[in-house]
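K.L.:
Whenever a hint applies, use it, and build me the whole structure from the sequences.
Protein chains in written order, with the numbering used here: chain A, 1 to 199; chain B, 1 to 199; chain C, 1 to 199.
Hints are supplied without guarantee of correctness; some may be wrong.
With the C-beta cut set under 10 Å, the calculated list includes, among others, these residues of chain C facing chain A [said to hold, decoys possible]:
#1 Ala-72
#2 Thr-79
#3 Ile-100
These are calculated hints, taken from the structure and not from any lab test. Where a beta carbon is used, it is the ideal one built from N, C-alpha and C, also for glycine.
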Amino acid sequence: MASNLIASATVLSFLLLLMGVSAATPTGAPTSHHHHHNRRHRSPCKTLAFYFHDILYNGHNSKNATAAIVAAPAWAANTTTLSNRDHFGNVVVFDDPITIDNNLRSTPVGRAQGFYLYDRKDVFTAWLGFSFVFNSTEHKGSINFAGADPLMNKTRDISVIGGTGDFFMTRGVATLTTDALEGDVYFRLHADIRLYECW
Amino acid sequence: MASNLIASATVLSFLLLLMGVSAATPTGAPTSHHHHHNRRHRSPCKTLAFYFHDILYNGHNSKNATAAIVAAPAWAANTTTLSNRDHFGNVVVFDDPITIDNNLRSTPVGRAQGFYLYDRKDVFTAWLGFSFVFNSTEHKGSINFAGADPLMNKTRDISVIGGTGDFFMTRGVATLTTDALEGDVYFRLHADIRLYECW
Amino acid sequence: MASNLIASATVLSFLLLLMGVSAATPTGAPTSHHHHHNRRHRSPCKTLAFYFHDILYNGHNSKNATAAIVAAPAWAANTTTLSNRDHFGNVVVFDDPITIDNNLRSTPVGRAQGFYLYDRKDVFTAWLGFSFVFNSTEHKGSINFAGADPLMNKTRDISVIGGTGDFFMTRGVATLTTDALEGDVYFRLHADIRLYECW
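P.N.:
Structure, rendered in structure tokens:
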């Protein structure tokens, strides 16, 4: 009988192993699959990288401008020029072309649409809410972003908070880098997108 | 002994089956429950559908208006009328009644609160950040949304980025349809909400 | 043989128990780990609590102000004072110090950066999009928030929609409480953050 029990236990362990049952939680309590699994795995399920190009309206470039100041604090002179105190309070709406390479004149593969606002008086810092909108043979759907952009840092991370179409329900992190900056009129950001939840 | 082992294995398999142990990962390696599971399953855990009604302040309807332009680009004449160039840069804050049917005069079951902004110069396109706020016997809590709304499309998808109360921690997708549009003053959207993460 | 089967089954059950196999799904069908698990478990994987302090620019406090009105509806007199009708349509950009205790003069441990907007005409209600940004030995990274803030309620919940750095990919809920309110110039919020997805 004893040997049978041992044999049974051995078979059982072996079978469980074979079946890949992950007997992970020593307490026996049902636990979060999220947490256990995710703490260990930070390899993205999908990565994408793009540039997007922001040309701010300054009163003289209405044809080329892809962005416009739409709000400003009381101390700003107007909404044609960025306010002083590091543009604190300026809100900018944008519809920027997305390109694969860093050339503004390359054929756009999508649009970056939404807003950013400057939110610090002593250093340039922004907060972003926007989407990458794709409608090509390559990608259809949108990736939605939100987060703080301390733009004087070489790189900064924002959140991918959701997606639709090809990016249905996705979540992840995007690392932004300022690839070019020309005064108050033009900047180009590189977005290195790493998606960790793919459906 | 051999027959005992076989019997044990049979019992084991049967029990595992009974207990519904999902022996899903052939490698035995810890894997992403998210990805594995989710790629296969796109059936929502909860669906909801509502209408919401937006009456834009135009200088003459302060009693009925549920929304107001609060920001505009430099080229706009004022914030009482939507700007030209497809309203690019106009930001609108709203507190719209939510109804079950498409009748503006039906008793609201909640409020849609937040903002939208127009973000394209050559076609009407918006970006939305808002919540459905419920406080009834039916639903208590909020559903939070963000995403691009290319509103000339018959349907367009935005993200459900979170929720509270009855909608604690939810995520999903909402399909918006313009159900009515009356000039620049009134529109009614249908929101078909499909939640894929329910806690 | 019969006794061996029973013994095997007993051993099996015991072992499964020991190994903490969660035999959760009676149908045996692949199901949502999210849903099953999560409906039962609402214990956070991490909790944090902070105060943040908002001093609104009023034309006379440019040195101390941490926030400024940047947008207003057409009926507002200006952007130096909050508009009537419960500030409906006012958009405020902020960069508020975060402290551990409720003392405005305590050393900040981070910054709360983003915007809020007032979105109801008959009661004070706001909508928030912002980040907690940390760069200390204690915490590095950001927590991103969005949601409705019916600020006359004693407590109200908003969503944690993502995070970066130490808060990589996090999600959760934050309960806001107004800890102090001094006219239109100063308020202090307590944020009780409960994260339910930790990576």
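K.L.:
All hints are to be evaluated individually against the structure, with a verdict given for each.
P.N.:
A quick look at each hint next to the structure:
1. Ala-72: holds, 9 Å
2. Thr-79: Check passed: Cβ of Thr-79/C comes within 5 Å of chain A, closer than 10 Å.
3. Ile-100: Violated, about 20 Å.
Against the hints set out earlier in the document, a violation occurs for number 3 only.
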